[in-house]
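Sequences listed follow chains E and H, in order. Heads up: the first sequence begins at 7 in the working numbering, then just goes up one per residue. Heads up: the second sequence begins at 937 in the working numbering, then just goes up one per residue.
No lab work stands behind these hints: they were computed from the structure. Beta carbons are placed, not taken as given, at the ideal position from N, Cα and C, and that holds for glycine. Keep in mind that the hints are not guaranteed to be accurate.
The following residues of chain E were derived to be distant from chain H, with all beta-carbon distances above 12 Å [claimed, not checked]:
id, residue
1, 19
2, 34
3, 62
4, 77
5, 79
6, 82
7, 85
8, 104
9, 148
10, 156
Label pairs and their calculated CB-CB ranges [as the list claims (entries may be wrong)]:
id, chain 1, residue 1, chain 2, residue 2, range
11, H, 1156, E, 12, 50 to 60 Å
12, H, 1017, E, 54, 45 to 55 Å
13, H, 1243, E, 124, 48 to 58 Å
14, E, 35, H, 1095, 53 to 63 Å
15, E, 87, H, 1306, 13 to 23 Å
16, E, 92, H, 1243, 23 to 33 Å
17, H, 1148, E, 22, 15 to 25 Å
18, H, 1306, E, 111, 47 to 57 Å
19, E, 111, H, 1102, 29 to 39 Å
20, H, 1326, E, 69, 52 to 62 Å
21, H, 1197, E, 141, 35 to 45 Å
22, E, 35, H, 1017, 41 to 51 Å
23, H, 1370, E, 8, 51 to 61 Å
24, E, 55, H, 1378, 45 to 55 Å
Next come the chains, spelled out residue by residue.
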Amino acid sequence: MSGLLRWVVWGLVSTVVLTGLLTGSQRLRLTRLNLPFLLGMLVTEDRDRAKLYGFGLHLVAGLAMAGLYAAVFSVWGRATWWLGGLLGVVHAGAVLLLLFPVLPALHPRMASESQGPTEVRQLEPPGLLGLHYGARTPVVVLVIHVVFGVLLGSISL
Amino acid sequence: MQPARIHDHAVIGDGHSAALVSSAGSVDWLCWPRFDSPSLFAGLLDTEVGGAFSLRTVEPARVTRWYLRDTNVLQTRFETDSGALVVTDLMPIHEARMPGPWPERELLRCVACERGEVMLEVLYAPRPDYGRAKPLVKQEGRLGWRLEQGGWLYTLRADFPLGPAPDGGVRGRGLLRAGQRAHFSLTATDDGPAVLPPLGHFAWERVERTVAAWRRWAARCRYAGPYRDAVVRSALALKLLSFGPSGAVVAAATTSLPEVLGGEANWDYRYCWVRDASFTARAFYGLGYEAEAESFVSWLLGATWLTQPRMNVLYDVYGRRRLGEAPLPHLEGYAGSRPVRVGNAAATQLQLDSYGEVIDAASQVARRGGALGRDELRMLVRLGEFITMKWDAPDEGIWESRTGRRAHTFSRLSCWMALERLLELHGRGVLRGIRRPTERFLEVRERLREELRTRAWNRWLRSYVRVLDGDEVDADLLLMAWYGFEDARSERMRGTHRRIVERLGARDGLLFRNEDDRREGEGAFGVCGFWSVGFLAKQGGEGLEVAEALFRRQLAYANDVGLYAEEISPETGEARGNFPQALTHVGLIAAALELEAARPWFDAGAWA
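Sequences and hints are given; from them, build the entire structure.
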């Protein structure tokens, strides 16, 4: 399998696994974080369609992240499951510490803690470490991104 | 502390769940996200442990309330010596192509001070999971008051001063002057980040949209007979008890409201009873709500698909079997009526009448040109075959007796009706190409007829009787005319009606279900009184005049906003049992439709 094809196939597989784990976490009441829903709300106000569109956007975003992982493995000259897992930790840290705090400024439909909901911004912000979406959200985010990294590290050999 | 009386509640809902609001301004019952979910407020069942969301005036107030015309949007007016304010309560309805995202569930309470100044007191005391979970409400600034429990987030947002209450809730007090408004939006979500709808005039937009949606729905009602307001109110109550995603109709919005005050007959009615099928389908069709009728029958055939030819007595709104029943011993129960139960063990009983009611409901669809799939028709035939094997078995009967199985007349009547309908479908060619044991259907139908005419008839009483070879009557025997087994004008049915009124009658034409209920101190059963109206209307002639008078008297037992519980106390006229009760409202609609059919619509002016 060519490098490009491997990236596409396993990038998609890893993203689907990540999404599945996230959905499972929601069903187990561990978190209310729903990345496809959040992404879908970028393009539509309809909560049902948001999940559909968001799933597509999430696949694209996952593919892009898989490309970033592949680029790092390429720079390092090797890829292992634990290196992938380590990247997953960094990835989760970036989501929790960088992306979540600025999300209200980036997302056109997300309320902010200082302003509260408005006519156009009604989506609950994630809060510090995503804790608004449930106290276990940081753990869920960490675990699913480590799994994402481990998968990519394992198969990018 | 005593809870508000059952009678003093109104219901609001959004086609997924429902809340009961007392005339004192308190939301005493709310289960989210579905009718049968654990409660957030269950003050109706325990004022201390259950939780409530109260908006009330500090000064004593004279209270009047009403639904906005042709809607399920409630308004309560509190008039004090210093002023007046109106609380508008609703659960907003979300429709396709509506602008803006919407929360999974919302309870919206809008307050407007109309005159003078009024001190408003607010108490928000959520008690998730029937009061078993610890309510830790946290303030998150402009994002509102948040309570997380079991993966669910409940958020209260208000533009009114609120602060923490000592017991983990939220309270506030403030003066509203004429023209001032306050808004309280309680939302719930477990599916992703919460949507937090804006308040102020945006809240009133949601009120207007919801009012318009209910009015559009009510305007589709084709009924043109007597007491249209009561019929439309019943239709709205029935729609409110319908679960939008599946078309199922739950029996009532509550669990464990007692049939006998202080007694143990406290059942969970937040499920869908197969028994109610033909009544519900006929009510929807009769009023012109074909889509609702077909949706309900479709749910019914889907729900019973997995277990057919056997059927459970009840299913949940998604058609899943719900077999468990559990007490909630930490709840005191309404007026001390314990146990409080969740789930309903009647699910596994044998109710042979259910088979006839499903087949009758499906035949309603066929009669009106609706489509039934071949698989559905095969299923109906399989149900018929099951009846030919089980028709003479004792069962628990239509009223779900828990005292053992008996040879109930109504169950035989329903089996007869099932075979009659199947043979009718065969005669109309609907079953063409489907293997069916027509001869066997004919044979068993005749045996049933013979048995009903002989063993279900007591010649000493000159009446049909509750069980074969018995000497007691049951109000369900009035349905012999409804299902076409007997002519309402026949001597046998006249005698049966006389005996039922004599033995089961309460004041104003109210009827007990049977003699057990009278002995045990239960209330009169709401639907039975309406069956009596329908029966008399079918008689025509002098019976029609009596039916009209009886109907008027029954209507007087609705509460101030037109709602009925399962039962009515003959002594006090108060509601008993779960509330509001779909079957009672279905009975009202059926009685009205009989009156309308007996007297042409163009006489409608005479009814005013």
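Here is how each hint holds up against the structure:
Separation of residue 19(E) from chain H is adequate, the least Cβ-Cβ distance of about 24 Å exceeding the 12 Å criterion. Not every C-beta of chain H lies more than 12 Å from that of residue 34(E), the closest at about 8 Å, which undercuts listing it as non-interface. Separation of residue 62(E) from chain H is adequate, the least Cβ-Cβ distance of about 16 Å exceeding the 12 Å criterion. Non-interface status of residue 77(E) relative to chain H is upheld: no Cβ of that chain comes within 12 Å, the nearest being about 31 Å off.
Every CB of chain H is more than 12 Å from the CB of residue 79(E) (nearest about 32 Å), matching its label as outside the interface. Its beta-carbon lying about 36 Å from the closest one in chain H, residue 82(E) satisfies the requirement of being farther than 12 Å from that chain. Residue 85(E), annotated as away from the interface, keeps every beta carbon of chain H farther than 12 Å; the closest lies near 33 Å. A cut-off of 12 Å between C-beta atoms confirms that residue 104(E) is not in contact with chain H; the least separation is 18 Å.
The beta carbon of residue 148(E) sits about 19 Å from the closest Cβ of chain H, which is more than 12 Å, so the claim that it is off the interface holds. Under the 12 Å C-beta cut-off, the non-interface status given to residue 156(E) relative to chain H holds; the minimum distance is some 26 Å. Between residue 1156(H) and residue 12(E) the CB atoms are about 58 Å apart, so this pair conforms to the stated range of 50 to 60 Å. In this structure the supplied range 45 to 55 Å holds for residue 1017(H) paired with residue 54(E), their Cβ-Cβ distance being about 50 Å.
Hint check: residue 1243(H) to residue 124(E), Cβ distance near 50 Å, so the stated range 48 to 58 Å holds. Under the hint 53 to 63 Å, the C-beta atoms of residue 35(E) and residue 1095(H), about 31 Å apart, miss the expected range. For the hinted restraint 13 to 23 Å between residue 87(E) and residue 1306(H), the CB-CB distance of approximately 58 Å leaves it violated. Distance hint check: the CB atoms of residue 92(E) and residue 1243(H) are about 52 Å apart, inconsistent with the given range 23 to 33 Å.
For the hinted restraint 15 to 25 Å between residue 1148(H) and residue 22(E), the CB-CB distance of approximately 42 Å leaves it violated. Hint check: residue 1306(H) to residue 111(E), Cβ distance near 53 Å, so the stated range 47 to 57 Å holds. In this structure the hint that residue 111(E) and residue 1102(H) lie 29 to 39 Å apart at CB holds, the actual value being about 38 Å. Separated by about 59 Å at the C-beta atoms, residue 1326(H) and residue 69(E) satisfy the suggested range of 52 to 62 Å.
Take residue 1197(H) and residue 141(E): their Cβ atoms lie about 43 Å apart, and the range 35 to 45 Å holds. Separation of residue 35(E) from residue 1017(H) is about 49 Å and conforms to the stated range, judged on CB atoms against 41 to 51 Å. A hinted range of 51 to 61 Å holds for the C-beta pair residue 1370(H) and residue 8(E), which are about 57 Å apart. Checking the proposed 45 to 55 Å range against residue 55(E) and residue 1378(H) shows it holds: the Cβ atoms sit about 53 Å from each other.
When held up to the earlier numbered hints, the structure conflicts with 2, 14, 15, 16 and 17 and fits the remainder.
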